[in-house]
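*Asks:* Single-letter residue listing:
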Amino acid sequence: MGAENMSREIEVQSKTGSHSISSTRTAGFTQALPSREKLLWMYEHLTLIREFEERLKWLVETGVPVGAVHYYTGQEACAVGVCAALEPNDWIASTHRGHGHCIAKGVEVHRMMAELYGKTTGSNRGKGGSMHITDVRVGMLGVNPIVGMGATHAVGAALSAKVRKTPQVAASFFGEGAAAIGAIHEAMNLAAIWRLPVIFVCENNGYAQATPVEYALSVPHIADRAAAYNMPGVTVDGQDVLAVWEAAVTAVERARAGQGPSLIECMTYRYYGHHQGDDTHRYRAKEEEEAARARDCIRRFREQMLDQHLLQAEELDAIEAENRKKIDGAVAFAEASPLPDPADLFTDVYVPASEEKRQ
Amino acid sequence: MTTTAAVRELSFGQAINEAIRQEMRRDPTIVVMGEDVAGGAGRAHLGFVDAWGGPLRATRGLIIEFGPERVLDTPIAEMGFLGAGVGAAMSGLRPIVEIMFVDLIGCCYDQIMNQAAKMHYMMGGQVDLPLVIRTAYGTRGGDNRTYGGGAGAQHSQTLYAVLAHIPGLKVVVPSTAYNAKGLTISAIRDNGPVVILEHKFLGLRAKGPVPEEAYTVPIGRVEIVRRGRDVTLCGIGRMTHICAEAADSLLAEGIDAEVVDVLTLSPLDEDTILESVSRTRRLVVVDEDTPTASMARDIAARVADKGFDNLDAPIKTVTAPDTPVPFSAVLEAHYTPGAAQVISAVHSLFGTGA
Numbered sequence: 076m077g078a079e080n081m082s083r084e085i086e087v088q089s090k091t092g093s094h095s096i097s098s099t100r101t102a103g104f105t106q107a108l109p110s111r112e113k114l115l116w117m118y119e120h121l122t123l124i125r126e127f128e129e130r131l132k133w134l135v136e137t138g139v140p141v142g143a144v145h146y147y148t149g150q151e152a153c154a155v156g157v158c159a160a161l162e163p164n165d166w167i168a169s170t171h172r173g174h175g176h177c178i179a180k181g182v183e184v185h186r187m188m189a190e191l192y193g194k195t196t197g198s199n200r201g202k203g204g205s206m207h208i209t210d211v212r213v214g215m216l217g218v219n220p221i222v223g224m225g226a227t228h229a230v231g232a233a234l235s236a237k238v239r240k241t242p243q244v245a246a247s248f249f250g251e252g253a254a255a256i257g258a259i260h261e262a263m264n265l266a267a268i269w270r271l272p273v274i275f276v277c278e279n280n281g282y283a284q285a286t287p288v289e290y291a292l293s294v295p296h297i298a299d300r301a302a303a304y305n306m307p308g309v310t311v312d313g314q315d316v317l318a319v320w321e322a323a324v325t326a327v328e329r330a331r332a333g334q335g336p337s338l339i340e341c342m343t344y345r346y347y348g349h350h351q352g353d354d355t356h357r358y359r360a361k362e363e364e365e366a367a368r369a370r371d372c373i374r375r376f377r378e379q380m381l382d383q384h385l386l387q388a389e390e391l392d393a394i395e396a397e398n399r400k401k402i403d404g405a406v407a408f409a410e411a412s413p414l415p416d417p418a419d420l421f422t423d424v425y426v427p428a429s430e431e432k433r434q
Numbered sequence: 445m446t447t448t449a450a451v452r453e454l455s456f457g458q459a460i461n462e463a464i465r466q467e468m469r470r471d472p473t474i475v476v477m478g479e480d481v482a483g484g485a486g487r488a489h490l491g492f493v494d495a496w497g498g499p500l501r502a503t504r505g506l507i508i509e510f511g512p513e514r515v516l517d518t519p520i521a522e523m524g525f526l527g528a529g530v531g532a533a534m535s536g537l538r539p540i541v542e543i544m545f546v547d548l549i550g551c552c553y554d555q556i557m558n559q560a561a562k563m564h565y566m567m568g569g570q571v572d573l574p575l576v577i578r579t580a581y582g583t584r585g586g587d588n589r590t591y592g593g594g595a596g597a598q599h600s601q602t603l604y605a606v607l608a609h610i611p612g613l614k615v616v617v618p619s620t621a622y623n624a625k626g627l628t629i630s631a632i633r634d635n636g637p638v639v640i641l642e643h644k645f646l647g648l649r650a651k652g653p654v655p656e657e658a659y660t661v662p663i664g665r666v667e668i669v670r671r672g673r674d675v676t677l678c679g680i681g682r683m684t685h686i687c688a689e690a691a692d693s694l695l696a697e698g699i700d701a702e703v704v705d706v707l708t709l710s711p712l713d714e715d716t717i718l719e720s721v722s723r724t725r726r727l728v729v730v731d732e733d734t735p736t737a738s739m740a741r742d743i744a745a746r747v748a749d750k751g752f753d754n755l756d757a758p759i760k761t762v763t764a765p766d767t768p769v770p771f772s773a774v775l776e777a778h779y780t781p782g783a784a785q786v787i788s789a790v791h792s793l794f795g796t797g798a
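Protein chains in written order, with this note's numbering: chain A, 76 to 434; chain B, 445 to 798.
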């Protein structure tokens, strides 16, 4: 695959005009392509996230009380590209917009759906909801809606790996809005001075709620901030799962080699509002949304795989059909699951002592 | 021939130091983090190591024994390093994080309130969070110190209430070297987040015999440190010593006071306090924190709610006033509750005195 094939420009349209950035991949593709199995895994997870979110949106719109949700639709390549570069026992810390990160890291969708329904079979036994989905068994340290805090927890997990001398790394997802909060900067500084195995992944979707990035950011790109912490910073096309994956593989290699943290900025776009009730047309133009959808990460990946004869249409269609069944099953599981007992209000306030747990 | 084993006397800071050191020897997953918990970080090649050791010198010497991988000086970034402590506690370590002074929790309150305290509950019980947060607090009170204290409104507070208010967080306040060692070991062994509030100016009051072996003082219990018949004085931290001083004076005039040391603010050992009041039938709560929405009024409210029938007099609270901590020693002494105010409150219950 020649570098020229990978060369691209990312157009970011906004009311204040347009600017373009070059993908770092114009410099050439340094990683070998993922294996066929990995490519299939990517497609499966890109489309599973999309299917989950589209079904969730339908549930919300038909009045199912799933609580406050923030759809990840449009940003799938970020979660999938990064998690494709991680091992099962690596850690991720997530944001309020976390469903995609959960699915990409391996949280089971039926347990996620049951959590949204507030059922005891949910990932958090109905105590967390969308904004707290966690599954430490698969290295998912938590969806975290206090903006920026997840980054500090990823630093802690990376510290744990270093002290315990394991090869684990920790990836921290955060939005460009979070790039303004102190916790992110404290986390980056700590990770840098302690040379911790952290991959900071900024999903720059252009908007912190209704505040556009060009208003809230003092530099053209979040990746520019990496220089302040003496770590590599790259801006990649967040609508290109292979571009994200390539940057993540490089960062993970660096982290595992004991060379410290990296920052990856993924230029992406959320298709829907900040949360389920948000009307995007009060702060962004229809044309901008259409332009973003024209660069849909799933369609582009599918076309690329088919054009280059890397994957077959039939197998991709089969994956999508399987995903639909999986989400059907997740909704059925959630609906059939029991609601918590009122007594559950009082469980798990304090962490039990080890001997109590053994009983 | 009988021999009596020499029981060493340790200071408050030395007792905490010994607790941490013994636990770190036992468990390699324990790490210590904070600003200048060692001091002089990264200068070992120049011969500088262990320059500081925290405000109470409670972590002095640990870096010599356990090295810079387990005794981590941090930049001035409470939100960042306490968050790292939270993440590390979720992923296999048992961090002991020092927030130099409790006044600084404003810089990292989210990590305490929204993160550490709530993780276990909101994640459906799937994560342990064995995190200890140590922090120094308090005024110099009426002590005529030539050095230290006099730190003013932003370095002298007693912020019990803003910590005890948070469900899921255990908050302990040792008052002596003995219970400081035992509570610190209990906190380290606890699988959930525990805040230890360490008074800066206990001085000789807290010094005392401390067994060399590791032992625990249970979290969630108050201790009746002096038995009495006529009134229960509930003290917290340094105020327990003030209560004991007041009890000595009161005994001279024929009032026999019981002193309860509230070693854990949350979860509160309501039962023992109610049992004490059921015998003495009077209660004075002494709290160095400001009174609005305070531990003093919380304890008073619980006793009024559940022990009203056992009371012969209204419950009194002796607290700091609802003002910031003043700088001038004269004002600071006036701000901090002392034995005279406790005695006066007791007199008011018996209809005697000024």
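Keep in mind that a hint or two might mislead.
Stated by the list, open to error - If the Cβ cut is set under 7 Å, some of the chain A residues that face chain B in the computed set are:
(1) Thr196
(2) Thr209
(3) Val211
(4) Val213
(5) Ile221
(6) Val222
(7) Lys240
(8) Pro242
(9) Arg331
(10) Gln334
(11) Pro417
(12) Ala418
(13) Leu420
(14) Phe421
(15) Val424
To be verified - If you only want the chain B side, here are some residues facing chain A, beta carbon under 10 Å, derived:
(16) Leu526
(17) Pro539
(18) Gly550
(19) Gln570
(20) Leu712
(21) His778
(22) Tyr779
(23) Gly782
If you're looking for bench data, these hints aren't it; they were derived computationally from the structure.
As the structure is a computational prediction, the values presented were derived from the model and not from experiment.
Glycine residues also receive a C-beta, built at the ideal position from the N, C-alpha and C atoms.
*Asks:* Each hint needs a verdict: does it hold in this structure or not?
*Replies:* Each hint tested on the structure:
{"no.": "1", "hint": "Thr196", "verdict": "10 Å, violated"}
{"no.": "2", "hint": "Thr209", "verdict": "4 Å, holds"}
{"no.": "3", "hint": "Val211", "verdict": "6 Å, holds"}
{"no.": "4", "hint": "Val213", "verdict": "11 Å, violated"}
{"no.": "5", "hint": "Ile221", "verdict": "5 Å, holds"}
{"no.": "6", "hint": "Val222", "verdict": "10 Å, violated"}
{"no.": "7", "hint": "Lys240", "verdict": "9 Å, violated"}
{"no.": "8", "hint": "Pro242", "verdict": "14 Å, violated"}
{"no.": "9", "hint": "Arg331", "verdict": "16 Å, violated"}
{"no.": "10", "hint": "Gln334", "verdict": "17 Å, violated"}
{"no.": "11", "hint": "Pro417", "verdict": "15 Å, violated"}
{"no.": "12", "hint": "Ala418", "verdict": "14 Å, violated"}
{"no.": "13", "hint": "Leu420", "verdict": "10 Å, violated"}
{"no.": "14", "hint": "Phe421", "verdict": "10 Å, violated"}
{"no.": "15", "hint": "Val424", "verdict": "5 Å, holds"}
{"no.": "16", "hint": "Leu526", "verdict": "8 Å, holds"}
{"no.": "17", "hint": "Pro539", "verdict": "8 Å, holds"}
{"no.": "18", "hint": "Gly550", "verdict": "12 Å, violated"}
{"no.": "19", "hint": "Gln570", "verdict": "6 Å, holds"}
{"no.": "20", "hint": "Leu712", "verdict": "13 Å, violated"}
{"no.": "21", "hint": "His778", "verdict": "37 Å, violated"}
{"no.": "22", "hint": "Tyr779", "verdict": "32 Å, violated"}
{"no.": "23", "hint": "Gly782", "verdict": "35 Å, violated"}
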